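Line by line, the protein sequences are chains V, F and E. So for the first sequence, the working numbering puts the first residue at 1; every next one is plus one. So for the second sequence, the working numbering puts the first residue at 1; every next one is plus one. So for the third sequence, the working numbering puts the first residue at 1; every next one is plus one.
It cannot be assumed that every hint is accurate.
Listed next, with one range per pair, are the computed distances between beta-carbon atoms [unchecked claim]:
(1) Tyr29(F) x Ile471(V): 52 to 58 Å
(2) Tyr7(E) x Val5(F): 34 to 40 Å
(3) Tyr61(V) x Ala57(F): 57 to 63 Å
Below, computed lysine-lysine pairings styled on DSS-like, alpha-carbon distance capped at 30 Å [stated by the list, open to error]:
(4) Lys89(F) x Lys25(E)
(5) Lys35(V) x Lys89(F)
(6) Lys371(V) x Lys440(V)
(7) Lys6(F) x Lys25(E)
(8) Lys89(F) x Lys88(E)
(9) Lys88(E) x Lys25(E)
If you're looking for bench data, these hints aren't it; they were derived computationally from the structure. Remember, it's a predicted structure, so these values are computed and weren't measured experimentally. We put the CB at the ideal spot given by N, CA and C, even for glycine.
Residues per chain, in single letters:
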Amino acid sequence: MVMTSPLSASFLPLPLAVLLLGGGTLPLIGLLAEKTGLRRLRELWAIAFSALNLISIYLLYQELRASPGRVIVSSLLGSPPLAGCFEIDVLGVYMAGCVALLGFLAVVYSYRYMEEESRLTEFYTLVLLMMAGMTGVALAGDFFTLFVFWEMMGVSSYVLVAFLKYRWGPIEAGFKYLIMSATGSAFLLLSMSLIYGMSGTLNFAYLSASLRGVEPSPWLLLLLATLIVGFGVKSAIVPFHTWLPDAHPEAPGPISALLSGIVIETGLYALMRVTYLTFTPSVYRSVFAALAVITMTVANIMALLQNDLKRLLAYSSISQIGYMLIGLSTGTAYGLMGSLLHILNHSLMKGLAFLAAGNITHQTGMRDIEKLRGVGRMMPYTMLCLSISLLGLGGVPATNGFISKFILFSSAIGAGMPILAVAGVLNSALSMAYYLRVIKNFISTPEGEFEAEEAPILMVAVNILMALLIILLGLWPQPAIRYADAASKMLVEGLGRYVQAVVGR
Amino acid sequence: MRDDVKLYLASSILLLLSLLILIWLTAEYEFPLFTYAMEGMPRLLIPIRSFKEVSSAVGRFLWDWRMLDLLSQAFVILAAIICCIALLKPGGEER
Amino acid sequence: MNALTPYLVSVFLLLIIGLGCLMVKRDMIRMLIGLEILFNAANLNFVALSLGRAGFVDPLGQSIVMMAIVLDGCVVAVGLAMALNAYKHYGTLDVRKLRRLRW
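Here chain V stands alone, though its shape is the one from the complex (with noise of 0.2 Å):
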């Protein structure tokens, strides 16, 4: 059923409205901040946005819930194929919803972290925007609005990595990032021309209706691999991902927390919608198997070298990607809903891993495993918050990562696809590995080389509330399984009624 309704269809999406028009005003508060001296107006304006956000968040999914199934189509002026439109539907609210809540927490909890921090203006006017992008690449219709926002998101976190400018490692990590998501945004845009070519059109539903179902031929095949390069860049599947270990740990610590939670879910995001809708499972699925294998057992076993503790989650952040490949290759609706639960649940569970990094590279300024021994017996809110989240993310029962693993590994067995189920399950022992490492190293007796206190209370508090939602999720999973299941299924078995909300008007 399509329906235009009062919240969406006026100009923009409503959330995507707030967010830009938070991240257009914010910097003129900015200067009015300076002018008048309230010294707090930046921060609260943001934290406000982004609460905005996550209630029209609400609403929208409200709205969608009326009638299952239901797609909701905006464009500004003009009608598709012709004009860019946004194609709300429930998968795209799932993922719209993810980045509003992590965004939301990671605000709140930069208000305390950043706050001995110049340019604090540009800092939450970029949050904002790359919030805004990563919507719009969540609700995008058409192919070319989704570059836009692609863009939008691209460009506000190259400067939020090197955002720190004073030290050499921030500009060395953000110009690397810089070439290589440039070099995928360049091979999207050419995967954008052969789509063009061969089919005449570039709104999503038209695309469906259009190339789907075709054998493959060569030149078929070439912009599956395009677009392969051009998505998995930005979501660091393993040939393209060696910006991620520098990029990750040299941001600030809310933005590392982002970054590895929920941008490079959206560019997997944005893999999935393109070629569930352009090919048919049997042309991708070895492919997108190969990618899940090498993927998880490269990070993980690059994860084990490693020392620094924030290039460790980052490495441990490529191999979570690779599990999402594996419900991604199935090619089924159950495996699908696993990897979208995982997205959920990978950026409750890395976001928190990171921000509880921040907390002790806040205390102490030191990032070394092996020189912080004994860390958590000064910090105990802390290191409680850190081994919940690795626990979670290692596939401990009692938290949601064990859930969302059980989902994909048992759709993998079940999409005749053994060889990637023994894969998973044999690299989630060899993460625990390098997780338990790091606990033992924390808990033990401190060899009295340094001494912290606990972090400030704004900041454990964002903490222990994503810990309790972890072990929440974790024990109680059903609205979140069912969140995800009807996502899911609007590229499976409702792919017919995406594409007829826009052929059929």
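Put chains F and E on the given structure of chain V with help from the hints.
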């Protein structure tokens, strides 16, 4: 210098190989130009008869049908401006 | 060998030249030029494929090129700001000389 020479050699071999593969692809298989386009899909075509008017016609198409992307692009330009300010503003001393 | 082949061959040639420039050069500004060459390859592909039917031009492809040029310019502007910053603080533009981030 050995490292440099090795890098040049490896990258030139790789690139030459991919170039040969791509040229073989172009020569052997004809590009399926608009073959998969749906019937009855609305498309707007501009005749090249009046050569000078093509650019203004494309411009009119841009403003009539692609307004959403143009407005979003304005925000991307805003983001790039704020990025450059954040990078070039003198602030943040050594800690 | 229809009318489209020379355009496609030049697109692939530009792609290879751009990738080669990115792999081999070590100066920040030269790497940004290689990035520009890559973007131009994709834009050329769009323009070449918009001349699908003889005697007619499809305006969709060309308007997308106009917008893609702007987006690409934003990315390169940010890259140049980073290069400027690096030069002001450290006096060098060589990406390999100060490579401290190992494994």
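Checking each numbered hint in turn, tell me which of them this model violates, lowest number first. 3
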